[in-house]
Amino acid sequence: MVRLQQCVRKTLSFVLVGVACQASALIAQQYHSDDPIQKVPEVGSAQGADAQTINALYDFMYHSAKYKTPPATPSLGVNTLGEVPDSSWFTNRPRLTTEELQKGKRVHGDPQPPFTVVAAKTEGVTPGFRIKDGRGLTYFIKVDPHTNPEMATAADVMGALFLYSAGYNVPENYILLAHREDFRLSEKATITALSGKKHPMNRSQLDKILDAVPVESDGRIRLMASLSMSGRIIGPFRYEFVRSDDPNDLIPHDRRRDLRGLAVLFAWLNHTDAKGDNSLDSVEGKGADARIVHHLLDFGDSFGSDSDIAKDPRHGQEFWLPTSREQANRAMTLGLFPASWEKAKYPQHLPAVGNFTTTGFNPLTWKPNYPNPAFLEMTPQDAYWGAKRVMSFSNEDIRAIVDQGQFSNPAVTDYITKVLIARRDLIGKAWFSQVASLEDFVVADGRLRFTDLGQKYGVLSASTYSYSWFSFDNQSGHKSPVAGVSSDAVPAALASSEGSFIGCTLTDMKQTQRTVTVVFRRDGDQWKPVGIERTSL
Amino acid sequence: MTRSTFRTIAVCTAIALSYASSLAQEIQVPSPRDTASGIIDAEKVKEKTLRPVAPSHGEQEFDRFEEKIFDPLINPNGLTFQTGGLPSGGGFSLGPRYIRRDWLHEHLVSDTYFVGSTKKWYKGQSSLDFVGLMDNHLQFTAVGAYQNAASMPYYGEGSNSSKDNRSDFRREFTSARFGGQFHFLDQKLSAGYSVGGLLVNVGPGDLGGWPSTDKIFNGANTRGLEKQSNFINGTASITANLTTPSFSNPKGLILEAQDTQFWDQSGTSSSFHLLQTQATYYVPFINGMRTLAFRARNETTFHADGQQVPFYLQPTLGGPNDLRGYERYRYYDNGSSLLSGEYKWSVAGSVEMALFGDGGNVYSRPGLIGLRELRGDGGFGVRFKNKQQEIMRFDVGFSTEGVKVWFVFNNAFGRLYRSF
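Just so you know, the protein sequences line up as chains A and B, in that order. Heads up: the first sequence runs through residues 30 to 566, numbered per this note's numbering. Heads up: the second sequence runs through residues 3 to 422, numbered per this note's numbering.
You may find that some hints are simply not true.
Cross-link-like lysine to aspartate or glutamate pairs, in silico, DMTMM-like; alpha carbons within 25 Å at most [claimed, not checked]:
hint	chain 1	residue 1	chain 2	residue 2
1	A	Lys447	A	Glu128
2	A	Lys150	B	Asp43
3	B	Lys46	A	Glu313
4	A	Lys226	B	Asp113
5	A	Lys68	A	Asp318
6	A	Lys68	B	Asp43
7	A	Lys227	B	Glu49
8	A	Lys226	B	Glu63
9	A	Lys315	B	Glu49
10	A	Lys315	B	Glu69
11	B	Lys190	A	Glu245
12	A	Lys227	B	Asp137
13	B	Lys50	A	Glu468
14	B	Lys50	A	Glu269
15	A	Lys217	B	Asp104
16	A	Lys150	A	Asp274
17	B	Lys387	A	Asp302
18	A	Lys217	B	Glu108
19	A	Lys557	A	Glu112
20	A	Lys237	B	Asp104
21	A	Lys226	B	Glu49
22	A	Lys97	B	Asp43
23	A	Lys95	B	Asp307
24	A	Lys226	B	Glu69
25	A	Lys150	B	Asp73
26	A	Lys226	B	Asp43
27	A	Lys150	B	Asp137
28	B	Lys46	A	Asp318
29	A	Lys417	A	Asp115
30	A	Lys150	B	Glu108
31	A	Lys227	B	Asp65
32	B	Lys70	A	Asp306
33	A	Lys508	A	Asp454
34	A	Lys227	B	Asp131
35	A	Lys150	B	Asp113
36	B	Lys387	A	Glu468
37	A	Lys217	B	Asp137
38	B	Lys253	A	Asp240
39	A	Lys237	B	Glu63
40	B	Lys121	B	Glu61
Keep in mind the hints are simulated off the structure, nothing from the lab.
Here chain B stands alone, though its shape is the one from the complex (with noise of 0.2 Å):
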């Protein structure tokens, strides 16, 4: 038994020396006291063991990954699936999407998704886009959607609304829409036009824990929640980015109008128009290593008399994208105004950091814009990007009413939005 274990381990070790040996021979490297006919040798030995050069096996998984799953969401075409898409509050969605942007020499975009959320918030979608169009100075889009947001939150009209009342509804849209856009002066003035219409439902809402919107209020102190309206609209927009690119942010002014008409059919008399207009403002400093950046945001409706606004197309302000301090759709009213302010600054090319501050009211009639029952909250973030804009952002806002976090993947400053 001994002699037999002795007799393994040393025909163990001379292979493996022998191995060792040969393995040297295989990798030999030319070292600065090699001879020129040595480094001959180790290329010649290297040449009886050519193999195919090939990524490590982390980089092939990796690319399969991408071929798969970045790539698809990045850059899709074809069947791929959509995350996002829901309005704000929705929680994570996933769905199917089927996208073609490679018809008509790629001036033809088709793009159809359907997305369900972890709170039950549905939404379809279906667009054909013409982009590209006279020499990319025009595009024209026609959109067909569904909406099913199961759990809207509602706390009452006005500033003073209560924290208390929060309440939940049902809102579903369904929406059709067509419409063009000009741009002009190399893409810096955009112009447009769309017509549509408007389905709506509003129901009991169904997250667990918070009563129905009309358990608690009723069509007398909430517009529309008893007797709903379908509408024909249109909306004029034009945006004009003075911008110029800079390193962590553009530098200078974006300036937004959008009007919207909502012609009742229903006979609620619920017709109005939606004016909403939008200035941001980005001044880089320290070679662009620090921002402040500013946006005054406005949304005011008008109407005739004897017609009224529907609580679930009245401006909002709570939530990511305005106050942060707040919860989301904390406010109800016939207009909103906001103005925000950050002062950030780059920690890395991938990263920059955010002080903020976010102050608005909500409003019952144009005559009331001003700085009555302001609400205003503070806080900080962390925003993480690419070289062109923030891909997600962790934001943190303190308010009389708590401590808000989020986090979610848009630009702190966006667009106007449009929830129909």
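Chain A with its partners taken away, still in its complex shape (with noise of 0.2 Å):
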């Protein structure tokens, strides 16, 4: 019974010592000095990382199958104040002048003449070509449908300007307005043929490419010309997971911030085709500086454009697959109750427009073609965060990106940009309705200051928030409230030394789910926010 109490004890012992080892590295600082972080250290070198592929059937098939909306889990790739840090796949970048906007990642210019012609393929959506241009520099090529001149080529220019300004990383995507006589052939140009097999090609397979592209009124074809990444290309990333060839790439892909949160830039200009199969991640650098840069790509199918045709007013409203019970309500009811969205007028009148509107357009529900990881999982957080970066797009940046689609007709120009500033107001109004939208915290004369953004952006009416404020001790996490007071200044009980912490939670009055909870350091002789939580609906 002796040798057996021994046992039971040394037993034991190694559980606990187990157990407190793994409890130290538990317990630690809420806060640390270099917080918030502004920018992911990436220091580890990707020079092997290699090549990959997403099977564009199997993604289809696997992600519809396997359809549901996955539980709630906190976001990842986000800093102390709930922002994302600079990194390979996102920055931060500064309100753009409206010169900045409309160049966007474009530093290259325009391809110049003559445009040698080196690869085609015969396959797939839209037809399209590699080419060199004057300077030697690599550009792939897409055209419109004849049904929709200007429509899909505009998309992508203008599709990658935005998300440039929001801070992601794009290709340089340009308007090409160019004479036939322009393009001439390499003595090496192949061409893809349907069986797949490469074969070299004739100026007439040229010419028939070329006769497939609508021609503007002074006679030149108009094209879109994306300049090949730099570095070294390694295939597309996914919306999960994370690439094991990477050692910077430590967070699950469906659990970073930037990605959820895409899908709401996304449903702004309705990119519905957002695949992992439209991205690229690229090796920049080499040896112990390579980094994977992470890239969106291919925007042909945002706006009204389906790239070889106007959107299906489906787009962005169900995925392709039936999943929902409004489809099986629909296939029992013969169709006769469309719905609002199946009924929106279209401008037939501006062919390049396609299918853009607002009607039906419901910020919350919006969906891609099929169901994508990251976007099952956002969070109101993480759409909170995306909705600021729609909604910091002011109206006449609008303007000055959608002139950048270079439309014949400025009635197309005047359509887009009207139909975005509604579609981003909708968004702002949504997504700031489901959490407290409550922005640049500072402490000022005593008292807390801060912007709510649905006030500032006319889209919502100002709420009223109750105040509980409270001292915080780093090590152990404890809030220590202070009683009876409920206003904006700071109570004069709080410890105001040097790295002392305090917080303040702020309740709305009318919906108290929505609660922003603010943390400060003292810093020489300001509060610093260095922690934002907030609650949701």
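Join the two chains into one complex using the hints; note that each chain is given alone, in its own frame.
Here it is in structure tokens:
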């Protein structure tokens, strides 16, 4: 019996030591001296990263079949303020001037003639080919459908500019207006046939491709030229998992706030083709400096465009495969009760717009063509972050970028600008209602000051908040409330010594689930916000 | 025993904890409250355990499936296999296929296959297609085929044929033809001509449970049953496709006409010509989310006095492609008319449902074209689609002769069909 007790004691001691080791790792400072982190240090070399592919059909079927709304998980890839630090995925760009908005990532300028065609494909949704311009730069060329001249090419350019300004990495996309005679064929040009085989390309094949390109009133043809990415191309990224060959890729992609919140930007732009295959990773730098940079690609399915045709009204409303009760109801009721989005009125007199409207647009329920794992996991906090990016575009910003679509009819520019403004405001109203949209917290003159974004952008009326102040123990994370104070004035009872922490929870008086807790650290003679947490409806 | 058990438990627990700890290090995910140095540490830990990227096991298996099965079916080139290709009613068929699409810079397509079905129907065909000539305006086709439809249903001639007279016959067609087709006006208009030969053999059916046609019918009431013919034939065709792309269905009108002259080479007085016409009209509404589709089709044979149309080349009605509430090949005669209408509503991008109605009749001579002895049906269906067309459909048709359920891999309103 004694021996048994000894055994038990020994066993427990092993277990307790183990547990203690684990626990010590968990008990740590809540906020560190470098919080909030502004930039993710990415120090590992990705020199060995190899190309990966995504099977588009499998991706579609797998994600459609396993579709269900997952349980909410908190986002990662954020700092203590809930913001996304700069990384190889996302860059917080300061407010851009009109010129910068219109330029975006485009530093190399328009392709310069003559254009030497080096390869073409006959497969795919739209015909496309690859050229080298007069400077030897390689561009991928895409065209518009005959039914909707200017639609897809403009979508690709505008989409890239909006997403670049929002902070993402995109290619340099240009509208290229050129004469047919500017194109010549490389002696080594190849064409990929339907069988997948490559053959030498001849002039008549090139002419056939160019014949399919709508012609402008001045006789020039209009194309979209996307500059080939710099660095070593290693294929698309997935909206889930991490790359096992990238030391800096630590966060499962479906938990990244910059990818979850992208859903809101895509909803705004109606970029429904939100699949992994429309992304591209490249390795920039060499040896110890090699880093993977993650890009978004291919925005021809944005706005009213579905690349080779105007968008189906279903786009943005439902997944391609039936998954909803609404679809089942429609099947059973013989389609006699059309949804509002089915009846949307589109600007048929403006074919360059395609089918782009605000009718039936609900930012809370917008859907890409098929389930995207990161989008499915988006929390109201992620969406709020995305909505802030969308709302940061002023009316003038939007017009400046839409201008870059280079529409020949100014009415098209007007229409798309108007729709984007309306969709932006719907997004602000929808997502700013889910959380308390308070930003820019400062303590000034002994009072807590902030900006109510819903009110600032005119999409929501001002809410009133109650204030619950507390002192904060950074070691334990314990909050000690200050009783009897509910105003924006910082209670005198709170310590204000260097390095001390205080905080305040603001609760919406009407919707008490909407709260914001902001934590400040005393830094010199001012309170510096170091932590923000939001609860949602 | 007890001591060693507890020791084992203790060691295992410690190992598990340390493993969990090391695992946590390996996959340490930075939280919002990590320091920059903490993130760097995690990156360094991962740097030591980098592995090549690889798709999931499921995706790898799918890649193999796509490469071995799906791609050869969708975009075949080389030795592969063929499904389908038999006349309607042949059952599920499968067989080897050798196709080359990469000759002459993809201007010459050679396709040879042989399929057999669960109903013991067979077909072998070899074709050479010269495509994309004259900047896609011209194509030539040479085809040789043998088909053995072992159990073609036959109920007798005319609208009043009795369902109780169901019989089976074997129809063997051996044919060869050569033709050309010209495409105008941005491929909207096509016209062509082909000439060929047709050797026919008709015999007892091979499907158990039904009497052979020659046991119920005779040469007097079923022309061509006893004396079969061989033919030289020539077919002129013209198609105007005036549709524009829309979301669920095309929008607009498709007109087709095809006239085939059969010259009897066996002295059985079976020279005639067959005129087939069809108009299909699609009217999408509610932004293309609903569609009304109409089809009118007429097939009429003309022959000189003293000539006849053998029953195995007569127009027929009944089956998944025309009168959907009736058995396949339910009605035979020298002519047939068909009107079909569908109301289709899109349920999802890949699924469309339909309510349909068909009406048609067969008649013995062109002067009897009309609404006499009309046979009608109605029903509903589900269609599975890709972006461009119906891939498969499931239709249920109701008529006075019962309920028919069809599961087929084609468009409900397909193009004009030639059985020979």
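We went through each hint and held it up to the structure:
A threshold of 25 Å between alpha carbons decides the hint, and for Lys447(A) with Glu128(A) the separation of about 21 Å falls inside it, so the pair holds. Under the criterion of a C-alpha separation no larger than 25 Å, the hint pairing Lys150(A) with Asp43(B) is inconsistent with the structure, at around 46 Å. Taking the CA atoms of Lys46(B) and Glu313(A), the gap is about 19 Å. The hint holds against a cut of 25 Å. Between the alpha carbons of Lys226(A) and Asp113(B) the distance comes to roughly 18 Å, so the proposed pair stays at or under 25 Å and holds.
Distance restraint check for Lys68(A) and Asp318(A): the Cα-Cα separation of roughly 17 Å lies within the 25 Å cut-off, and the hinted pair is therefore satisfied. Of the pairs offered as hints, the one joining Lys68(A) and Asp43(B) holds, with about 15 Å between alpha carbons and a cut-off of 25 Å not exceeded. A C-alpha spacing of about 39 Å is found between Lys227(A) and Glu49(B), which places the hinted pair above 25 Å, so the restraint is violated. In summary, the hint linking Lys226(A) to Glu63(B) is supported, as the alpha carbons are separated by about 24 Å, within the 25 Å threshold.
Distance hint between Lys315(A) and Glu49(B) is fulfilled; the C-alpha atoms sit about 16 Å from each other, no more than 25 Å. For the suggested pair Lys315(A) and Glu69(B), the alpha carbons sit about 35 Å apart, so the restraint of at most 25 Å is broken. Of the supplied pair hints, the one linking Lys190(B) and Glu245(A) holds, its CA atoms being roughly 23 Å apart against a limit of 25 Å. For the proposed pair Lys227(A) and Asp137(B), the alpha carbon gap of about 19 Å is at most 25 Å, so the pair holds.
Among the hinted pairs, Lys50(B) with Glu468(A) is inconsistent with the structure: their alpha-carbon atoms are about 40 Å apart, more than 25 Å. Between Lys50(B) and Glu269(A) the alpha-carbon distance is near 22 Å, which keeps this suggested pair within the 25 Å criterion. For the hint linking Lys217(A) to Asp104(B), the alpha-carbon distance of about 19 Å falls within 25 Å, and the restraint holds. Distance check on the hinted pair: Lys150(A) and Asp274(A) sit about 31 Å apart at the alpha-carbon level, beyond 25 Å; violated.
Simply put, Lys387(B) and Asp302(A) have alpha-carbon atoms about 18 Å apart, close enough for the 25 Å limit, and the pair holds. For the hint pairing Lys217(A) with Glu108(B), the CA-to-CA distance comes to about 19 Å; that is within 25 Å, so the pair holds. For the proposed pair Lys557(A) and Glu112(A), the alpha carbon gap of about 15 Å is at most 25 Å, so the pair holds. For a cut-off of 25 Å, the pair hint linking Lys237(A) to Asp104(B) stands: about 19 Å separates their Cα positions.
Of the supplied pair hints, the one linking Lys226(A) and Glu49(B) is violated, its CA atoms being roughly 39 Å apart against a limit of 25 Å. A C-alpha spacing of about 35 Å is found between Lys97(A) and Asp43(B), which places the hinted pair above 25 Å, so the restraint is violated. Proposed proximity of Lys95(A) and Asp307(B) is contradicted: the alpha carbons are some 67 Å apart, above 25 Å. In summary, the hint linking Lys226(A) to Glu69(B) is supported, as the alpha carbons are separated by about 15 Å, within the 25 Å threshold.
Between the alpha carbons of Lys150(A) and Asp73(B) the distance comes to roughly 18 Å, so the proposed pair stays at or under 25 Å and holds. The hinted pair formed by Lys226(A) and Asp43(B) fails the criterion: a straight-line CA distance of about 47 Å is larger than 25 Å. Pair hint Lys150(A) plus Asp137(B) holds up; C-alpha atoms about 17 Å apart against a cutoff of 25 Å. For a cut-off of 25 Å, the pair hint linking Lys46(B) to Asp318(A) stands: about 14 Å separates their Cα positions.
Between Lys417(A) and Asp115(A) the CA atoms are separated by roughly 16 Å; this keeps the pair inside 25 Å, and the hint holds. At roughly 13 Å between alpha-carbon atoms, Lys150(A) and Glu108(B) fall within 25 Å of each other, so this suggested pair holds. For the suggested pair Lys227(A) and Asp65(B), the alpha carbons sit about 21 Å apart, so the restraint of at most 25 Å is met. Between the alpha carbons of Lys70(B) and Asp306(A) the distance comes to roughly 22 Å, so the proposed pair stays at or under 25 Å and holds.
The hinted pair formed by Lys508(A) and Asp454(A) fails the criterion: a straight-line CA distance of about 37 Å is larger than 25 Å. For the suggested pair Lys227(A) and Asp131(B), the alpha carbons sit about 20 Å apart, so the restraint of at most 25 Å is met. With a CA separation close to 24 Å, the supplied pair Lys150(A) and Asp113(B) stays within the 25 Å bound. For the hint linking Lys387(B) to Glu468(A), the alpha-carbon distance of about 48 Å lies beyond 25 Å, and the restraint is violated.
Of the pairs offered as hints, the one joining Lys217(A) and Asp137(B) holds, with about 22 Å between alpha carbons and a cut-off of 25 Å not exceeded. Restraint check for Lys253(B) and Asp240(A): the C-alpha separation of about 24 Å stays at or below 25 Å, so the hint holds. Of the pairs offered as hints, the one joining Lys237(A) and Glu63(B) is violated, with about 38 Å between alpha carbons and a cut-off of 25 Å exceeded. Straight-line distance between C-alpha atoms of Lys121(B) and Glu61(B) comes to about 36 Å, which puts the hinted pair past the 25 Å bound.
Of the hints listed earlier, those the structure fails to meet are numbers 2, 7, 10, 13, 16, 21, 22, 23, 26, 33, 36, 39 and 40, in rising order.
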